[in-house]
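Just need the whole structure built from these sequences, with the hints factored in.
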Amino acid sequence: MEKITSFTIDHLRLLPGLYVSRKDHVGSEVITTFDIRMTRPNCEPVMNTAEVHTIEHLAATYLRNDPVWKDRTIYFGPMGCRTGFYLLLAGDYASADIVPLMRDLFTFIRDYRDAVPGADPKDCGNYLDMNLGMANYLADRYLREVLDGITQERLVYPSETQA
1 MEKITSFTID HLRLLPGLYV SRKDHVGSEV ITTFDIRMTR PNCEPVMNTA
51 EVHTIEHLAA TYLRNDPVWK DRTIYFGPMG CRTGFYLLLA GDYASADIVP
101 LMRDLFTFIR DYRDAVPGAD PKDCGNYLDM NLGMANYLAD RYLREVLDGI
151 TQERLVYPSE TQA
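Read in order, the letters of the sequence shown are residues 1 to 163 in the working numbering.
What the hints contain is simulated information worked out from the structure, not anything from laboratory work.
Bear in mind that the values here come from a model prediction, so they are computed numbers and not experimental data.
Be aware that a few hints might be false.
[Claimed, not checked] Below, simulated BS3-like cross-link-like pairs (lysine-lysine); rule was C-alpha separation at most 30 Å, straight line:
#1 Lys122 with Lys70
#2 Lys23 with Lys70
#3 Lys3 with Lys23
Have a look at this one:
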(Lines of atoms letter the chains of each structure in order from A; the text may use other names.)
(Lines give C-alpha, C1' and ligand atoms only; values in the text may rest on other atoms or scores of the structure.)
Protein backbone atom coordinates (compact mmCIF):
# COMPACT_ATOMS: atom_id res chain seq x y z
CA MET A 1 0.00 0.00 0.00
CA GLU A 2 1.06 3.56 -0.65
CA LYS A 3 2.16 5.56 2.41
CA ILE A 4 -0.31 8.34 3.18
CA THR A 5 0.98 11.93 3.18
CA SER A 6 0.82 12.48 6.94
CA PHE A 7 3.17 9.51 7.47
CA THR A 8 5.79 11.07 5.19
CA ILE A 9 6.43 14.02 7.56
CA ASP A 10 9.59 13.59 9.64
CA HIS A 11 8.07 13.50 13.12
CA LEU A 12 11.55 13.47 14.68
CA ARG A 13 12.09 17.06 13.47
CA LEU A 14 8.50 18.30 13.73
CA LEU A 15 8.03 21.16 16.19
CA PRO A 16 4.76 22.29 17.71
CA GLY A 17 3.26 24.62 15.13
CA LEU A 18 0.48 25.32 12.66
CA TYR A 19 0.93 23.52 9.36
CA VAL A 20 -1.01 22.90 6.17
CA SER A 21 -1.28 19.13 6.16
CA ARG A 22 -3.00 18.78 2.79
CA LYS A 23 -5.37 20.36 0.29
CA ASP A 24 -8.13 18.35 -1.29
CA HIS A 25 -10.38 19.27 -4.19
CA VAL A 26 -14.06 18.45 -3.89
CA GLY A 27 -15.66 19.50 -7.16
CA SER A 28 -14.54 23.08 -7.66
CA GLU A 29 -13.94 23.65 -3.94
CA VAL A 30 -10.69 23.32 -1.98
CA ILE A 31 -10.64 21.84 1.54
CA THR A 32 -7.52 22.80 3.50
CA THR A 33 -6.52 20.48 6.35
CA PHE A 34 -4.41 22.07 9.08
CA ASP A 35 -2.13 20.24 11.49
CA ILE A 36 -2.39 22.07 14.82
CA ARG A 37 0.61 20.43 16.49
CA MET A 38 0.57 21.17 20.22
CA THR A 39 3.30 18.85 21.53
CA ARG A 40 6.56 17.71 19.99
CA PRO A 41 6.11 14.18 18.67
CA ASN A 42 8.20 11.46 20.31
CA CYS A 43 10.01 14.03 22.49
CA GLU A 44 7.50 14.97 25.18
CA PRO A 45 4.41 13.41 26.73
CA VAL A 46 1.27 13.38 24.62
CA MET A 47 -1.91 15.05 25.83
CA ASN A 48 -4.27 12.94 27.90
CA THR A 49 -7.69 12.11 26.51
CA ALA A 50 -9.55 14.30 29.03
CA GLU A 51 -7.87 17.55 27.96
CA VAL A 52 -7.97 16.55 24.28
CA HIS A 53 -11.70 15.90 24.61
CA THR A 54 -12.23 19.25 26.36
CA ILE A 55 -10.25 21.17 23.73
CA GLU A 56 -12.25 19.41 21.02
CA HIS A 57 -15.59 20.44 22.56
CA LEU A 58 -14.49 24.04 23.14
CA ALA A 59 -12.82 24.50 19.76
CA ALA A 60 -15.65 22.95 17.75
CA THR A 61 -18.18 25.11 19.61
CA TYR A 62 -16.10 28.26 19.13
CA LEU A 63 -15.41 27.67 15.43
CA ARG A 64 -19.01 26.80 14.59
CA ASN A 65 -20.19 29.99 16.29
CA ASP A 66 -17.60 32.36 14.84
CA PRO A 67 -19.39 34.75 12.45
CA VAL A 68 -16.60 34.63 9.84
CA TRP A 69 -15.49 30.99 10.07
CA LYS A 70 -18.62 29.02 11.02
CA ASP A 71 -19.67 28.36 7.42
CA ARG A 72 -16.08 27.46 6.44
CA THR A 73 -15.48 25.02 9.31
CA ILE A 74 -15.79 21.42 8.16
CA TYR A 75 -14.20 19.58 11.10
CA PHE A 76 -12.08 20.05 14.21
CA GLY A 77 -10.83 16.95 15.99
CA PRO A 78 -7.90 15.19 17.65
CA MET A 79 -5.05 13.29 16.07
CA GLY A 80 -4.90 9.67 17.12
CA CYS A 81 -1.38 10.20 18.45
CA ARG A 82 -2.69 12.91 20.82
CA THR A 83 -0.01 15.45 19.85
CA GLY A 84 -2.47 17.85 18.24
CA PHE A 85 -5.61 18.41 16.22
CA TYR A 86 -6.81 18.60 12.64
CA LEU A 87 -8.86 21.53 11.40
CA LEU A 88 -10.55 21.26 8.00
CA LEU A 89 -11.67 24.52 6.41
CA ALA A 90 -13.49 25.12 3.15
CA GLY A 91 -11.15 27.29 1.09
CA ASP A 92 -7.57 27.45 -0.13
CA TYR A 93 -5.45 28.72 2.76
CA ALA A 94 -1.87 28.95 3.95
CA SER A 95 -1.00 28.47 7.61
CA ALA A 96 -0.31 32.18 8.09
CA ASP A 97 -3.86 32.97 6.92
CA ILE A 98 -5.41 31.47 10.04
CA VAL A 99 -2.92 32.57 12.73
CA PRO A 100 -5.32 35.32 13.93
CA LEU A 101 -8.16 32.79 14.11
CA MET A 102 -5.96 30.36 16.06
CA ARG A 103 -4.90 33.12 18.47
CA ASP A 104 -8.57 33.95 19.10
CA LEU A 105 -9.50 30.27 19.44
CA PHE A 106 -6.74 29.38 21.88
CA THR A 107 -7.30 32.58 23.89
CA PHE A 108 -10.95 31.51 24.20
CA ILE A 109 -9.90 28.05 25.40
CA ARG A 110 -7.25 29.46 27.78
CA ASP A 111 -9.77 31.81 29.39
CA TYR A 112 -12.82 29.52 29.41
CA ARG A 113 -14.14 28.80 32.93
CA ASP A 114 -17.79 27.76 32.49
CA ALA A 115 -19.36 24.33 31.99
CA VAL A 116 -17.85 22.64 28.93
CA PRO A 117 -20.38 22.73 26.06
CA GLY A 118 -21.79 19.30 25.36
CA ALA A 119 -20.35 17.75 28.55
CA ASP A 120 -23.65 16.11 29.39
CA PRO A 121 -24.71 12.46 29.06
CA LYS A 122 -27.43 13.26 26.51
CA ASP A 123 -24.98 15.30 24.37
CA CYS A 124 -21.75 13.27 24.51
CA GLY A 125 -20.80 9.60 24.55
CA ASN A 126 -18.01 10.09 27.13
CA TYR A 127 -19.04 13.28 28.95
CA LEU A 128 -17.09 12.49 32.14
CA ASP A 129 -13.72 12.40 30.36
CA MET A 130 -13.03 16.16 30.56
CA ASN A 131 -10.26 18.24 32.11
CA LEU A 132 -10.88 21.96 31.72
CA GLY A 133 -7.89 23.00 33.86
CA MET A 134 -5.44 21.13 31.63
CA ALA A 135 -7.18 22.39 28.50
CA ASN A 136 -6.73 25.96 29.81
CA TYR A 137 -3.06 25.25 30.54
CA LEU A 138 -2.33 23.64 27.15
CA ALA A 139 -4.06 26.47 25.29
CA ASP A 140 -1.96 29.01 27.20
CA ARG A 141 1.21 27.07 26.44
CA TYR A 142 0.35 26.86 22.72
CA LEU A 143 -0.31 30.59 22.63
CA ARG A 144 2.95 31.48 24.39
CA GLU A 145 5.28 28.94 22.79
CA VAL A 146 3.87 28.73 19.26
CA LEU A 147 1.38 31.40 18.20
CA ASP A 148 2.87 34.48 19.86
CA GLY A 149 5.67 35.51 17.50
CA ILE A 150 5.20 32.47 15.27
CA THR A 151 8.07 31.86 12.83
CA GLN A 152 8.23 30.24 9.40
CA GLU A 153 9.67 26.99 10.84
CA ARG A 154 6.41 26.54 12.75
CA LEU A 155 4.22 27.32 9.72
CA VAL A 156 5.76 24.96 7.14
CA TYR A 157 6.58 21.28 7.64
CA PRO A 158 10.31 20.51 7.82
CA SER A 159 11.57 19.39 4.43
CA GLU A 160 13.65 16.28 3.85
CA THR A 161 16.62 18.49 2.93
CA GLN A 162 16.69 20.39 6.24
CA ALA A 163 19.27 19.20 8.76
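Each hint tested on the structure:
no.	hint	in the structure
1	Lys122 with Lys70	24 Å, holds
2	Lys23 with Lys70	19 Å, holds
3	Lys3 with Lys23	17 Å, holds
In summary, this structure violates none of the numbered hints.
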